[in-house]
Structure formats: structure tokens, C-alpha cells
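Trainee: Residues in the sequence shown are numbered from 1 upward in steps of one, following this note's numbering.
You may find that some hints are simply not true.
Said to hold, decoys possible - Simulated pairs of lysine-lysine, DSS-like, Cα-Cα distance not exceeding 30 Å:
id	residue 1	residue 2
1	K230	K140
2	K140	K195
3	K157	K230
4	K230	K113
5	K84	K251
6	K157	K84
7	K176	K140
8	K265	K249
9	K265	K251
If you're looking for bench data, these hints aren't it; they were derived computationally from the structure.
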Amino acid sequence: MNRIGVFGANGRMGLALIEAAHQNNHTELSAAYVRSSSPLLNIAVNQLNSAAPATINFSDERHVDNIDVLIDFTLAAGMREHLKIAVAQNIPMVIGTTGLNNDDMQLLQAAAKQIPIVFARNYSVGVNLLLNLVQTAATKFGDDLDIEIFEAHHRHKIDAPSGTALAIGEAIADAKGWVHDEVAVFDRSRIEKEKSQNEIGYSVLRGGDIVGEHTAYFATSGERLELTHKASSRMTFALGAVRAAAWLKNKPAGLYDMQDVLDLK
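Modelling step: build the complete structure from the supplied sequences, incorporating the hints.
Mentor: The structure is reproduced here in C-alpha cells:
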């Protein structure tokens, strides 16, 4: 049984991860970490989530012990500190933090030389199947093709486009033999020319409580293919992350993704 520790355990995803750890037959929640300044310190976790064992209280994120795998869906600044803890104690990590910059990715790659890490922008099984499908579409259509990606999330989401949208675009660019950052277009408000067919355009919606919707559009003259994934619950992502945690135990050091966990490569 894998002992799971969850960072940011009082957040929306943190609470979903607690429930997911309870549902998975191969994992058990062993620690729910919050900031050292949190008023929840030493409060029973099951007061916020009844799926948590009655014996577990919210604990200080600086004090990690007796854990097999750590899961982190916090913001980038928190992830950096948690990664240091994991490396210092040689504990595998599952990371779902989005909005990471190049420096953050270099930190992940350096840490993965010492511990096993699963990093994915989306832990949904459906989204990871979608990544395969968009690559097939990108290669089977000809060059006379317009490619666009649309995504929608709740009003509280900070990064835009979402990490998942970027992952879809990167998968398509890889299949087309393009360098993603050279073909991605995020703003056409000052572009006074027609769309190039050697680009991937992004559109974003933020509103209400939308959990997550992503669509890749492949448009040619006379037809259009739309590949869409819609998530109705954060449990979709939480269950995938806990599945990754169960898979990660005893793996050698390295940087893995959900495609590895699902054996889709």
C-alpha cells in the first residue's frame, strides 16, 4: 500500500486528491500538508473531507516523513519548495502544477536525475488519449489545414492558455515537425493579415465554475474535425494523479508523464 502525502491539501484539488487516495485500492492518505501559517494546522482533515481517515490532521508542509509518494498541485512557487523537500528526502513526486516557466522545467529535469517524478499538465485518462488522437489527425490531414485550439475553465484559473491546451498544441506541433513556440499564436488583435496554415492558434474562455473543456479544430475546405474533451469533476484529474502515484513507487529516477503511466507511448 502506497502512503500518499498531499501538498496544498486544503485547496480544491487537494481535497479531491484526498478523496481519490481513499478510493484507490493501492494507496492510503498518510499526510495532508498545508502552509505553516494555515489556521487549519492540527485540525482533523475529515472536517473538510469525510473521506479522510479520522486519525489524520492537517500538518506543516515543512515536516514530511513516512511518505512513499508526494502529490503536488499547488502554484509554481510552492512546487519549487516542495521539490526541494522531496529531493532532500528521496521521495518520488507526482506534480500537476501548471503555468511553469523554463526555469521551473529545468528544476524538474534536474530533480528527476535524483528522484522519479511524474509531471503532466493533465492527469485525465481521456485527455491523454486525446493527445494521441490529435497527433493522428495532424499527420493524416494534408498541409491545406487550419489548426486551432479552444479551452474554457472556471474564473479562478490563473494561467492562460491552460497547460492542457498547450500540451495539445505541443503534441500537434511534434506530429507536424514544427517547433511549437515558433508556430503558436496567442493574440491576433494586432495581426492584420489572414491566418497562416503553419500556425496553431489559441482561444481562451474564463467563467463560472467550468472544470475544463478543450477542443482541437482541424479545418480544411469543405470539412472540419473537432476533437473535444470535457471534464465535469476535478475527481477526474485527482484519480489520474493517484493512479500515477501508485505507478511511480519503486520506479528509477527520471521524468515521466501520464503517457508513461498509461503505456500510451
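Trainee: All hints are to be evaluated individually against the structure, with a verdict given for each.
Mentor: Taking the hints in turn, this is what the structure says about them:
1. The hinted pair formed by K230 and K140 meets the criterion: a straight-line CA distance of about 24 Å does not exceed 30 Å.
2. Our distance criterion of 30 Å between C-alpha atoms is met by K140 and K195, whose separation comes to about 21 Å.
3. The straight-line distance between the Cα atoms of K157 and K230 is roughly 16 Å, inside the 30 Å bound, and the hint therefore holds.
4. Distance restraint check for K230 and K113: the Cα-Cα separation of roughly 35 Å exceeds the 30 Å cut-off, and the hinted pair is therefore not satisfied.
5. Annotation: proposed proximity of K84 to K251 holds, straight-line Cα distance about 19 Å (limit 30 Å).
6. With a C-alpha separation of about 25 Å, the suggested pairing of K157 with K84 holds against the 30 Å cut-off.
7. A hinted pair counts as satisfied when its Cα atoms are at most 30 Å apart, and K176 with K140 qualifies at roughly 10 Å.
8. Simply put, K265 and K249 have alpha-carbon atoms about 20 Å apart, close enough for the 30 Å limit, and the pair holds.
9. A distance of roughly 17 Å separates the Cα atoms of K265 and K251; the hinted pair therefore holds under the 30 Å criterion.
Hint 4 from the earlier list is the only one contradicted by this structure; the remaining hints agree with it.
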